[in-house]
Amino acid sequence: MKILNRISPIFLMGLSVLIGFGSIKLGIGTPGNMGPGFMPFLASALLFILSLLILKGLGGVDEGKKERPSTGWKNLLKPGILIIALCVYMLFLNVLGYLLTAFLLMSQMLFISEPKKWYMNIALGAIIAILSFTLFKWLQVQLPTGVFHIGW
Amino acid sequence: MDFFQGVILGFQASLQPINLLYCFIGVFIGTLIGVLPGIGPAGAMAILLPVTFHAPPLSTIIMLAGIYYGAMYGGSTTSILVNIPGEPSSVVTCLDGYQMALQGRAGPALGISAFGSFIAGTMGVFGLMLLARPLARVALKFGPPEYVSLMVLGLIILTYLTEKSLIKAMAMAALGLILSYVGLDIIGGQARFTLNIDNLMEGIGIVPLVMGLFGIAEVLQNVEVTIKRTIFKTHIKGLLPSLKDWAASIWAVIRGTVIGFFLGILPGGGAILASFVSYAVEKRVSKHPERFGKGAIEGVAGPESANNAASSGAFIPLLTLGIPANVVMAMLFAGLLIHGIRPGPLLIKDYPEIFWGVIASMYLGNVMLLALNLPLIGMWVQLLKIPFRFLFPMIILFCVIGVYSINNSVFDIGVMVVFGMVGYIMRKCDYEPAPLVLAYVLGPMLEQAMRQSLIISNGNFTIFFVRPISGVCLTVGAFLLILACTKYSRRKRTEVLKE
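Protein sequence lines, in the order shown, are assigned to chains X and F.
Heads up: the first sequence is residues 1 to 152, going by this note's numbering.
Heads up: the second sequence is residues 1 to 499, going by this note's numbering.
Same shape as in the complex, but just chain X:
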């Protein structure tokens, strides 16, 4: 956590510098005639100063304040898999359509918590996909059909 607490203000400082230069490029203008870069420049300057203060150790949580119980970085596997699953889902949503991708995503997410009951996860994934499809159709939400035109 300590490393990340060091990296995060540096990242924010880097971002503010980039935005600051971008704002100057856009044109800051004058106070009477503000350019499109005026407000982003002000915000980036503020972010830079605050990040610097955080980096100097002034942004720590005050003593006595309740912190969320941190689990550290040891349990990153499940969130990592979840992010990858969402990225894959995003890539294939328009190709495979809602029903197939929802089924795969649901089964995979259920698999994250109970890897042993794979048959159960597949069945539940299919049920959730079909039920949610019916619900979204009823709510008139437009869903992608994919190249197989499944669901219509």
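To be clear, the hints were calculated from the coordinates, so they are not data collected in a lab.
This structure is a prediction, so every number in the text was calculated from the model and none was measured.
Take every hint as true, because none was put in to throw you off.
Straight line, CA to CA, 27 Å or less: simulated DSSO-like cross-link-like pairs of lysine-lysine:
hint	chain 1	residue 1	chain 2	residue 2
1	F	244	F	287
2	F	385	X	78
3	X	117	F	385
4	F	244	F	283
5	F	349	F	141
6	F	283	F	164
7	F	294	F	385
8	F	385	X	116
9	X	116	X	78
10	X	56	F	164
11	F	244	F	294
12	X	117	X	78
Cβ pair distances, simulated, as ranges:
hint	chain 1	residue 1	chain 2	residue 2	range
13	X	142	F	385	32 to 42 Å
14	F	479	X	33	31 to 41 Å
15	F	408	X	114	26 to 36 Å
16	X	76	F	481	29 to 39 Å
17	F	452	X	114	53 to 63 Å
By construction, the Cβ of each residue, glycine as well, lies at the ideal position given by its N, Cα and C atoms.
For chain X, the structure is supplied; the task is to place chain F on it using the hints.
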């Protein structure tokens, strides 16, 4: 239109079957998300925004408002029975509510929480009715400099009241402002920070941003470890508090209502702050402060009333000034904008059926919530038994489809996933997402008002200080910032939080 005509118009509109249905759906979903830890009212509203595209504007706002105050009711159930707050504003209810449950008094705890919420919610709506009109009339006299100062004050208060680091909260507000400037410039039409991506020309969508920061990030954090919820196993009986319970709680309910309502009005304030202040006040005025934390019924009645009254008070800045006081109000603001309605001082004049309809629906919603939370308490308790491993896939699915259906765009899902990861890392590093979202919503309004102000003053920044209302707002903001930096204030804050 006078006051009584407005009230009659409001009830006429909100009693239409379609609006009653949407009100019920809103309070039902609100109670549900309040009961189930994992997704808050802001996330739920973001999920349901696309669903409301086909609904009439009044029904949409009635439903979204119902989710907000419904969540305040539902949040107490988990606090009392599981010792896990379903909603951040119910954190303080855990202290005495769970202790009461352990002592076999879960029924009275749930009962006083529901009745207190009902009384506070109804009184809060009454206060909203009385105060909103005069405030809207005052707000009509506001010019761009006053709006700039009010928005700056709102952001300062929000960061000042942050649970974690003040500097980090301010940094997040600055980041929120930067994110709000992505897209075409509102005056010149120049593309800003779009990285030549067409989808970013209209800016980053508020729904993917909120869903990512609140919905996805929360799920990512919760899947890390399996939390076992121990539900209090007992037959819940005696939901109606006894006369002794009423005698102990009634003043706590009244104090909680007043505190909650006025803290709810504050831009940047809200239900969380209200519940904590109410608890501290109850403990201070009690003849037996040692009972607090060991099952004092006032410790449940006060905060639960305060958070409900605050949810009514929070509507005032939105409906009268057009400034959302907190993240949930920002979502409601987005809901109104989607339907082409701009909240602000002219809302009462231009859309009286919306203004009065929402207020009247809140009365009806409070009655529905009382029915949902007392006789049907068993149903919500059963819901608590659903393991998180079944819940989180549903949350993800609703987030994904909710975001996709706004523009039928996979890009928006990508934005949500990115902000999900950002939110997850932010939580790891103790950065709070609320200032970021509020600054993001206020950013474009702030820029427009700032430009107008400086055009009026020929580029002279003193315009913000010489105009009385603007000057007062900025002075209060500066005072709060100075106060936050002083050693005494930091020590006092630490003491209060420890308490």
